[in-house]
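Colleague: Sequence:
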Amino acid sequence: MVMAWPHNFPGLASIAYNFAQYVEELSDGAITVKVNAAGELVGAFEVFDAVGQGTADCYHASPMFLAGKWQPATFFGLVSFGLNAVEHCAWMYFGGGEELQDKPYRELLNLKAFTCGHTGTQMAGWFNKEINSLDDFKGIKMRSSGIAGEVMRRVGASAVMIPPQEIFTSLQSGAIDATELCCAWLDSANGFHQYTKYYYAPGWQEVNSAGEIGLNVDLWDDLSDHEKLIMRHAAKSANSTNLGEWPYYNAKAMDTLRDEHGVELRTYPDDVLTALAQTSSEVVAELAETDDYSREIYASWKDYRDTALRYSALVDYPMYRARKLAFDAGA
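When we follow the numbering used here, the leftmost residue of the sequence shown carries the number 6, and every step to the right adds one.
These aren't lab readings, by the way, just hints derived from the structure by calculation.
Mixed in with the good hints, there may be bad ones.
[Said to hold, decoys possible] Cut-off 16 Å, straight-line C-alpha distance, at most; resulting in silico cross-link-like pairs (EDC-like, lysine to aspartate or glutamate):
# : residue 1 : residue 2
1 : LYS202    : GLU135
2 : LYS233    : GLU30
3 : LYS74     : GLU51
4 : LYS74     : GLU112
In this text the structure is predicted, and so the values were computed from the model without any measurement.
Taking the hints into account, I'd like the entire structure generated from these sequences.
Modeller: Structure, rendered in structure tokens:
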């Protein structure tokens, strides 16, 4: 296996290691998976080609990193103002997402993939100045990728794509002065708070970020039915474990950032979020017109997203408000 992360990336590398462990356990040791970090065999953005061409057997990465080859793959990973972690699993497992992924991945990329790993709601990013209006983005050189990167460019920022393991040194050197990567757990482990002051919410650009385990499709086709079940269930088990990892460690890390490192936590104003949402909608609609695959994927994704939003507005939002009222009252 080649992965798009260093060995020590919490919450991301752990998915690959858990998958490898579960494959070995489910196969009674008949199948073993050796995990290679980004840069050991290939670079972070080269894992898809390595597996598609048969240089490696499988990978763990974000579909967003396929932007240079087939950008609509991001629908299977993250979309600005999109699905949360549970909703994404719902669409992939029950709403036809996995089936919609199979055809283009096989025909365009020579891959078979399974959703595996969900960060949950991320943070908007790290800045050295407050963001009080859309104009405050102008002139900022920010590490931002995928749909969000294009949105940031359209609102005046200079967005650059940098592999995750290079973000810290880019902040340190001044090559960038703002960044978004993930959540409190991973961001604090990378030390972003050492070179930036403000940590903004909400993570509009990554309501959730889903990773995937991908196999060479010829290797997949050669597996027995039982071996395919092992791969499928190992991916689901690693995904389930990761769904619990992130909320636990993010909450702990956020307290540490605020209480021990003095990070100033901020929330974007509503008018900034509204403008970002409008621009994001334009970018996503353009992406949906890439090809016939993307049009079909987007129609399915948006139909479920709209259904999920109606449900969450009725059920989830009032519950979160009620829970906060209880917390504020000392319950």
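Colleague: Against each hint, give a clear statement of whether it holds in the structure.
Modeller: Each hint tested on the structure:
1. LYS202 x GLU135: holds, 9 Å
2. LYS233 x GLU30: Distance ~14 Å between LYS233 and GLU30 Cα, so the pair holds.
3. LYS74 x GLU51: holds, 10 Å
4. LYS74 x GLU112: Distance ~13 Å between LYS74 and GLU112 Cα, so the pair holds.
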